[in-house]
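Student: So you can see what is in the structure, the chains are spelled out below.
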Amino acid sequence: EAAVTQSPRSKVAVTGGKVTLSCHQTNNHDYMYWYRQDTGHGLRLIHYSYVADSTEKGDIPDGYKASRPSQENFSLILELASLSQTAVYFCASRPDRGETLYFGSGTRLTVL
Amino acid sequence: KTQVEQSPQSLVVRQGENCVLQCNYSVTPDNHLRWFKQDTGKGLVSLTVLVHENDKTSNGRYSATLDKDAKHSTLHITATLLDDTATYICVVGVDTNTGKLTFGDGTVLTVKP
Chain A
1 EAAVTQSPRS KVAVTGGKVT LSCHQTNNHD YMYWYRQDTG HGLRLIHYSY
51 VADSTEKGDI PDGYKASRPS QENFSLILEL ASLSQTAVYF CASRPDRGET
101 LYFGSGTRLT VL
Chain B
1 KTQVEQSPQS LVVRQGENCV LQCNYSVTPD NHLRWFKQDT GKGLVSLTVL
51 VHENDKTSNG RYSATLDKDA KHSTLHITAT LLDDTATYIC VVGVDTNTGK
101 LTFGDGTVLT VKP
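Top line first, the protein sequences correspond to chains A and B. Residue numbering for the first sequence follows the working numbering, beginning at 1 and increasing consecutively. Residue numbering for the second sequence follows the working numbering, beginning at 1 and increasing consecutively.
These are calculated hints, taken from the structure and not from any lab test. Just so you know, not all the hints are guaranteed correct.
Unchecked claim - 20 Å max Cα-Cα, derived SDA-like pairs, lysine to any residue:
1. K71/B - G42/A
2. K56/B - E99/A
3. K37/B - V51/A
4. K100/B - R9/A
5. K37/B - G42/A
6. K100/B - G17/A
7. K11/A - D30/A
8. K37/B - T39/A
Generate coordinates for the entire structure from the input sequences, incorporating the hints supplied.
Tutor: Below, the structure written as structure tokens:
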């Protein structure tokens with residue numbers, strides 16, 4: 001069973017502060033993704049990566065940076081958190097682009 | 001305009017009843033369509049994937065159909081259980097290079113005793 005672990009489970013941040021969300025997968029998957037989910041809306045892609053030390057912009061990259069220092073780890077960085085970034089963030093991995101995604105349990109971020 | 005539309009937005013059924021969830025989409029290309037289940041406060045879990053025109057799949061009490069001409073998919077849940085209470089999300093795979101996916105907003109299903 002694919003395992004994707006996100007940390008922290010929830011976080012409260014102040015406007016203008018720096019936030020780092022972490023994701024770790026133990027299945028040697030090439031592809032990793034960061035999505036945000038807003039209440040009542042579909043997931044939207046922020047950043048993704050298909051190889052270590054490389055990241056790509058998704059559909060809504062503004063205000064976010066990503067880092068893939070190793071195959072297992074993929075981080076999402078909010079340098080200057082804003083109120084509009086309050087959401088649930090999901091990390092996912094997949095072995096190949098045609099295969100299913102394996103999701104983490106999400107990080108609930110509240111920016112005050 | 002929403003590219004993947006799901007209906008109904010929410011649905012309440014009694015345990016043991018059957019239900020049908022709908023997904024209409026306008027994105028192209030539509031390489032494949034996948035249904036996910038999301039329990040409250042959890043990540044998404046894949047239920048089934050449809051790839052070809054007029055595909056039909058079955059996974060236990062879950063079955064799904066795809067009509068690529070109509071850009072329409074249905075998810076049938078038979079003999080619902082309380083544990084089926086969740087949000088069901090339709091996802092269309094549109095880019096074979098990046099693996100890009102377009103997500104629907106989901107149907108919130110509540111199964112009552």
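Student: Are there hints from earlier that the structure breaks, and if so, what are their numbers?
Tutor: 3, 4, 6 and 7
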